Amino acid sequence: MADMSLLAQALDQGDREKTVELTRKSLDGGANPQDIISKGLQAGMAAVGEKFSSGEYFLPDMLMAARAMKAALEVLSPALEKTGIPTIGKVVIGTVEGDMHDIGKNVVATFLSGNGFEVFDLGNNVSVEKFIDGVKEREPEILGMSALLTTTMPVMGRVIKALGELGLRSSVKVVVGGAPVTQDYASYIGADGYAHDGGRAVPVCRELIGK
Amino acid sequence: MAMTKKQQILAAARGEKLEKLPFGARIDVWYNYHSAHDTLPDRYKGWSQTDILRDQGAGAQKRFFSLTREEYRDMEVVEKHDPPYITTEYHTPVGTVAKKEVFDTSEGPWIKYEMEKLFKSEKDYPVLKYVMEHTEAADDFEEYYKLREEIGEDGMVMTASGGLWSPVQRVMREIIGYELFFYELVDHPARVEEMIEMVKDLERRKLKVAIKSDLELFNICANWSDDIQTPVFRKYFVPWFREVGDILHSHGRLVMAHTDGEMRRLNHMFRETGIDVAEAITPAPQTLVSMKEFREQLGSEVTLWGGIPSILFEPMYSDEDFDNYVKSMFREMAPGYRFIVGMGDNLPFDGDINRVRRVVELIDKYGRLPIEAQE
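Residue numbers (the working numbering), protein chains in the order written: chain W, 9 to 219; chain Y, 1237 to 1611.
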């Protein structure tokens, strides 16, 4: 039986080649692809997220882990054709209108995806209408919004207000983040959650949907 | 004779003891937004930023990109303008690279973003090397001297020898792009390091030109945050800061970095850089670091400039909240030397301009030096 802790460790270290090699070995050895993901890859990603939030890891460590995860999922892809990649919830995410900054949002999207969420990334400079359309079309459990600028962060409040006006607010949990955003500001605009960094985004989203 | 605001800021930057806290405020986000939307308060319609800050009683910070401009030889550089986008193509004998940027200030901040980076794939390395080697630096002092005259002794022109970024940051953020930079550093480290050296050489040429200006305080790096990975920072950033710092110090100039992001991972290494001033310091609640921690971690040889996070100017905080924050922050910074009060990093567009005056009044009441230590 393949040792999933070794796989998690390879991913934790951002070692793409080893992650791919161990994924392939596990698959060839008869391991269930769903187990490889949940007990190996996602466990590794969760460790990376925690280490980032605690200050032990840096953003590039997260990027390397995410790249290794993506390569491993490509190996698993044929085996997952019938069942698909297991997901724990859907997330629509984007950087708000007027804001071109996407490093933080990309890291969060990658990490959510690596931790079992199905992520629909709307990109940057996303209008209120586009967020609303994303929620209507994808029916996510979570809507994630990011802003790097004090000039653009009020857009997050406008999206929340629009969700309320359209009767969609209770159907989705809203999580916000970005450099100028604080917990107080998140509460002030009526968001359900606030993630200071990419590592925090995963536990916050999990907690909000009870998984 | 009383010191001017500029003299106070420079004295604090040099570590001299003052009678009260100096204050250098930055309001261009607020000003650009309200100018573009014709929503400046009636009293300030038609005023310049500097005059508004004079009226509020604060020292001014006026941003300006660079003291130099790039000139190209043995290649054709074509710029196409389609506002707010600018596409620039570099046609060289070894190939072509192109970038597409957006530049806009109408919503407040400087939105300068490369929608399309110069670097697309490994084949671009030789072309970029050619571009860097065939780019020269020329002085662009006219605009700087105009701004310096406008501000006079009421504040500082904040600029640099070659733009916002230090060389590694330029490669990371502007030329390759953040995520791809780290992938390339793992996949093709020698190529990336060669490019960093090319950009450093160009920056050295720019510095030689810029040093002929009379700028007292050089900004040598900007927008520090979690994204500048610490091992990369120590290996690639620190040696550059030391080199540039030594050159500027030998010419009697001071060195500054715009450190407005989440600094929890970088603070402990700041002292290795030899940088004199950490500007736009943004403490909690906007980041995870308090001013007391900033002071402890950066040490007593570095001047801190900042301390009031932008978010405190937002309407969600009452005047009382604001005053309490500022008073408490002053106490955290006791005795208050090597400290310039400022924003981290700007007055937001929906902030109250009159809070700038509140800071001036709070300094008069509670910012006399030395400040008594917090109990």
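FYI, nobody ran anything at the bench for these hints, they're computed from the structure. Remember, predicted model here, so these are calculated numbers, not experimental data. Check each hint, because a few of them may be wrong.
To be verified - DSBU-like cross-link-like pairs, simulated, lysine-lysine; straight-line CA separation at most 30 angstroms:
#, chain 1, residue 1, chain 2, residue 2
1, W, Lys78, Y, Lys1336
2, W, Lys59, Y, Lys1528
3, Y, Lys1353, Y, Lys1256
4, Y, Lys1563, Y, Lys1528
5, Y, Lys1382, W, Lys26
6, Y, Lys1253, Y, Lys1281
7, Y, Lys1365, Y, Lys1382
8, Y, Lys1348, Y, Lys1256
9, Y, Lys1359, Y, Lys1281
10, W, Lys138, Y, Lys1353
11, W, Lys78, Y, Lys1382
12, Y, Lys1256, W, Lys78
13, Y, Lys1335, Y, Lys1444
14, Y, Lys1359, W, Lys138
15, Y, Lys1444, W, Lys26
16, Y, Lys1356, W, Lys138
17, W, Lys219, W, Lys78
18, Y, Lys1563, W, Lys78
19, Y, Lys1335, W, Lys138
20, W, Lys144, W, Lys98
21, Y, Lys1528, W, Lys138
22, Y, Lys1359, W, Lys59
23, Y, Lys1281, Y, Lys1316
24, W, Lys219, W, Lys90
25, Y, Lys1335, Y, Lys1601
26, Y, Lys1356, W, Lys78
27, Y, Lys1348, Y, Lys1365
28, Y, Lys1444, Y, Lys1256
29, Y, Lys1471, Y, Lys1256
30, Y, Lys1444, W, Lys78
31, Y, Lys1253, Y, Lys1316
32, Y, Lys1253, Y, Lys1471
33, W, Lys26, Y, Lys1471
34, W, Lys219, W, Lys169
35, Y, Lys1563, Y, Lys1256
Against the structure, the hints come out as follows:
Pair hint Lys78(W) plus Lys1336(Y) holds up; C-alpha atoms about 28 angstroms apart against a cutoff of 30 angstroms. Between the alpha carbons of Lys59(W) and Lys1528(Y) the distance comes to roughly 25 angstroms, so the proposed pair stays at or under 30 angstroms and holds. Proximity of Lys1353(Y) to Lys1256(Y) is assessed by CA-CA distance (about 46 angstroms); at most 30 angstroms being required, the pair is judged violated. About 13 angstroms separates the Cα atoms of Lys1563(Y) and Lys1528(Y), which keeps this hinted pair within 30 angstroms; it holds.
With a C-alpha separation of about 58 angstroms, the suggested pair Lys1382(Y) and Lys26(W) falls outside the 30 angstroms cut-off, and the hint is violated. Under the criterion of a C-alpha separation no larger than 30 angstroms, the hint pairing Lys1253(Y) with Lys1281(Y) is inconsistent with the structure, at around 38 angstroms. For a cut-off of 30 angstroms, the pair hint linking Lys1365(Y) to Lys1382(Y) is broken: about 35 angstroms separates their Cα positions. Of the pairs offered as hints, the one joining Lys1348(Y) and Lys1256(Y) is violated, with about 37 angstroms between alpha carbons and a cut-off of 30 angstroms exceeded.
For the suggested pair Lys1359(Y) and Lys1281(Y), the alpha carbons sit about 52 angstroms apart, so the restraint of at most 30 angstroms is broken. With a C-alpha separation of about 26 angstroms, the suggested pair Lys138(W) and Lys1353(Y) falls inside the 30 angstroms cut-off, and the hint holds. Restraint check for Lys78(W) and Lys1382(Y): not satisfied, since their Cα atoms lie roughly 52 angstroms apart, outside the 30 angstroms limit. Simply put, Lys1256(Y) and Lys78(W) have alpha-carbon atoms about 56 angstroms apart, too far for the 30 angstroms limit, and the pair is violated.
Of the pairs offered as hints, the one joining Lys1335(Y) and Lys1444(Y) holds, with about 27 angstroms between alpha carbons and a cut-off of 30 angstroms not exceeded. Annotation: proposed proximity of Lys1359(Y) to Lys138(W) is violated, straight-line Cα distance about 37 angstroms (limit 30 angstroms). Restraint check: the Cα-Cα separation between Lys1444(Y) and Lys26(W) comes to about 47 angstroms, which exceeds 30 angstroms; the hinted pair is violated. A distance of roughly 29 angstroms separates the Cα atoms of Lys1356(Y) and Lys138(W); the hinted pair therefore holds under the 30 angstroms criterion.
Distance restraint check for Lys219(W) and Lys78(W): the Cα-Cα separation of roughly 23 angstroms lies within the 30 angstroms cut-off, and the hinted pair is therefore satisfied. Annotation: proposed proximity of Lys1563(Y) to Lys78(W) is violated, straight-line Cα distance about 49 angstroms (limit 30 angstroms). Under the criterion of a C-alpha separation no larger than 30 angstroms, the hint pairing Lys1335(Y) with Lys138(W) is consistent with the structure, at around 27 angstroms. For the proposed pair Lys144(W) and Lys98(W), the alpha carbon gap of about 12 angstroms is at most 30 angstroms, so the pair holds.
Proximity of Lys1528(Y) to Lys138(W) is assessed by CA-CA distance (about 42 angstroms); at most 30 angstroms being required, the pair is judged violated. For the given pair, Lys1359(Y) sits about 36 angstroms from Lys59(W) by alpha-carbon distance, which is inconsistent with the 30 angstroms threshold. In summary, the hint linking Lys1281(Y) to Lys1316(Y) is not supported, as the alpha carbons are separated by about 34 angstroms, beyond the 30 angstroms threshold. Taking the CA atoms of Lys219(W) and Lys90(W), the gap is near 24 angstroms; set against the 30 angstroms cutoff, the hint holds.
Proximity of Lys1335(Y) to Lys1601(Y) is assessed by CA-CA distance (about 51 angstroms); at most 30 angstroms being required, the pair is judged violated. Using a Cα cut-off of 30 angstroms, the hinted pair Lys1356(Y) and Lys78(W) holds, with the two alpha carbons roughly 20 angstroms apart. Annotation: proposed proximity of Lys1348(Y) to Lys1365(Y) holds, straight-line Cα distance about 23 angstroms (limit 30 angstroms). For the suggested pair Lys1444(Y) and Lys1256(Y), the alpha carbons sit about 36 angstroms apart, so the restraint of at most 30 angstroms is broken.
For the suggested pair Lys1471(Y) and Lys1256(Y), the alpha carbons sit about 39 angstroms apart, so the restraint of at most 30 angstroms is broken. With a C-alpha separation of about 46 angstroms, the suggested pairing of Lys1444(Y) with Lys78(W) is violated against the 30 angstroms cut-off. With a C-alpha separation of about 51 angstroms, the suggested pair Lys1253(Y) and Lys1316(Y) falls outside the 30 angstroms cut-off, and the hint is violated. Distance check on the hinted pair: Lys1253(Y) and Lys1471(Y) sit about 35 angstroms apart at the alpha-carbon level, beyond 30 angstroms; violated.
Taking the CA atoms of Lys26(W) and Lys1471(Y), the gap is near 26 angstroms; set against the 30 angstroms cutoff, the hint holds. Between the alpha carbons of Lys219(W) and Lys169(W) the distance comes to roughly 27 angstroms, so the proposed pair stays at or under 30 angstroms and holds. Between Lys1563(Y) and Lys1256(Y), the direct Cα distance comes to roughly 14 angstroms. Compliance with the 30 angstroms bound is thereby established for this hinted pair.
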